[in-house]
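The letter at position 209 of the sequence shown is residue 209 when you use the UniProt record's numbering, and the numbering goes up by one with no holes.
Quick caveat, the hints were computed from the structure, so don't treat them as lab data.
Treat the hints with caution; some may be incorrect.
Unchecked claim - Label pairs and their in silico Cβ distance ranges: (1) L36 - N262: 29 to 39 Å; (2) M351 - P106: 45 to 55 Å; (3) S379 - E97: 17 to 27 Å; (4) R255 - E329: 51 to 61 Å; (5) L142 - I374: 30 to 40 Å; (6) E117 - I183: 19 to 29 Å; (7) I374 - T342: 27 to 37 Å; (8) K245 - E371: 45 to 55 Å; (9) E371 - D335: 31 to 41 Å; (10) K388 - C292: 41 to 51 Å; (11) L387 - K11: 36 to 46 Å; (12) M228 - E352: 43 to 53 Å; (13) R19 - M289: 51 to 61 Å.
Unchecked claim - Here are the simulated lysine to any residue pairs, SDA-like style, with alpha carbons at most 20 Å apart: (14) K11 - K156; (15) K42 - I183; (16) K355 - I300; (17) K359 - H322; (18) K42 - Q110; (19) K355 - M333; (20) K355 - K388; (21) K92 - Y147; (22) K245 - K92; (23) K359 - K388; (24) K156 - N288; (25) K225 - S330; (26) K388 - I87; (27) K42 - K104; (28) K111 - I300; (29) K156 - S171; (30) K359 - K225; (31) K11 - L143; (32) K356 - N288; (33) K92 - I14; (34) K11 - D64; (35) K68 - F84; (36) K68 - R223; (37) K355 - L269; (38) K251 - G155; (39) K111 - R223; (40) K225 - S90.
None of these values were measured; they are calculated from a predicted model.
We treat Cβ as the ideally placed atom computed from N, Cα and C, and that holds for glycine.
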Amino acid sequence: METQLSYLSLKPHIQNLTRIGFYPLLQTSSIVRKMLHNIYMKLVLAFILLYAVQQVIKVYHVKDDPNKVMDTMYLLLTNSDLIFKQIVLSMKVDEIEELLNTMKGPVFNQKQTGHHEFLSRVAQQARVFLWAYNTVALSTCLLWVLYPIMLYSQGKSVEFAIWLPFDENPSPQFYFTITYVWIQTSWVAYGNSTMDSFISFFFAQCKTQLSILRFDLEAIINRTKEEMKQSSLSFDDIFARRFRKIILHYKEIVRFSTNIQNIFSRVILYQFLITGWILCTAAYRTMNMNPCSVDFVSMILYICCMLTEIFVFCYIGNEITHESDLIVESAYMMDWLEVPLTHRKNIIVFMERIKKPIKLIAGFIIPLSNETFISIVRSSYTFYAFLKNTEE
1 METQLSYLSL KPHIQNLTRI GFYPLLQTSS IVRKMLHNIY MKLVLAFILL YAVQQVIKVY
61 HVKDDPNKVM DTMYLLLTNS DLIFKQIVLS MKVDEIEELL NTMKGPVFNQ KQTGHHEFLS
121 RVAQQARVFL WAYNTVALST CLLWVLYPIM LYSQGKSVEF AIWLPFDENP SPQFYFTITY
181 VWIQTSWVAY GNSTMDSFIS FFFAQCKTQL SILRFDLEAI INRTKEEMKQ SSLSFDDIFA
241 RRFRKIILHY KEIVRFSTNI QNIFSRVILY QFLITGWILC TAAYRTMNMN PCSVDFVSMI
301 LYICCMLTEI FVFCYIGNEI THESDLIVES AYMMDWLEVP LTHRKNIIVF MERIKKPIKL
361 IAGFIIPLSN ETFISIVRSS YTFYAFLKNT EE
């Protein structure tokens with residue numbers, strides 16, 4: 001597994017997504033197991049679609065009450081986001097497997113001095129982020145069900161944000177409903193947080209590979225000299241071989257980033273579009289809440305989760321652009337006096353090629369950058385302020 005260190009950053013995500021029915025089993029699995037798992041995946045999708053339909057019906061029934069509409073809308077939008085991700089994931093399995101194979105391949109796992117630290121660091125970050133994000137998301141769902149249980153224990157009537165074909169307040173129906181809602185929301189939260197982390201660390205791996213490329217470019221002269229002392233090859237031959245590997249590595253990174261964008265750009269675009277509405281409706285819902293209540297705390301955690309979703313995409317996209325910008329500087333930092341004239345020309349051509357940084361675009365419309373994150377938050381607050389003033 002040491003030879004696939006790059007892949008380790010996404011291995012926990014694959015395991016989680018497979019466990020909850022969002023991703024197929026490995027090709028090495030038996031035919032029967034794969035068939036049963038495919039049925040399981042379809043049942044999971046149907047289960048989440050059922051919950052979304054119940055929310056749509058609820059919105060229709062309470063359309064004359066803005067507060068009740070808001071209570072349902074932010075969860076409905078979250079569910080629609082997950083359903084879209086599930087559909088894309090199921091349709092793009094072959095393309096995703098190609099990305100994973102690249103991460104398992106020799107170009108992204110070169111056994112060079114210093115590479116291990118870069119790859120180990122991003123793998124550790126992926127595990128910690130996934131665990132933390134899953135934990136916060138599931139904790140939010142737990143608080144969501146604790147609040148109605150507290151109300152019910154006080155003898156108060158409880159209304160859920162989904163349509164139900166029965167009265168949910170009598171004892172057996174209430175406990176059935178609260179269990180159903182908890183399972184549904186937890187499944188959605190776990191799936192959404194895992195999926196977002198999964199996509200994010202594809203991008204993070206791209207950024208890591210750019211950092212490794214810069215490291216190799218800055219160290220190429222010293223490494224060439226060290227290898228020349230231990231072999232009978234000339235400086236020119238060793239340098240040419242190492243520089244070809246750097247060019248190949250860069251081409252593979254560009255191809256990798258382009259494929260990630262082709263697979264997930266529409267998913268990210270949809271998330272950007274609905275997150276503004278989700279943040280607005282969630283913030284609007286907190287207007288009349290007691291800041292010391294469980295319901296208020298759960299909503300703050302939910303808002304933090306939604307902000308994290310878009311922030312991670314924007315931040316990593318911004319980091320990729322910044323890191324690719326620095327490659328030219330790394331080329332300048334080489335000891336040019338040590339490089340033969342013919343190779344200097346090749347380096348100059350390479351530098352012209354890398355002057356255009358890698359920029360990731362959501363849906364080929366919205367750039368993944370820190371400015372985009374600020375714009376989404378600002379637009380959400382503007383709409384929230386409008387609703388608040390209308391309420392007053």
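Indices of hints not satisfied (ascending): 2, 3, 4, 6, 7, 8, 10, 12, 13, 14, 16, 18, 20, 21, 22, 23, 26, 27, 28, 30, 31, 32, 34, 35, 36, 37, 38 and 40
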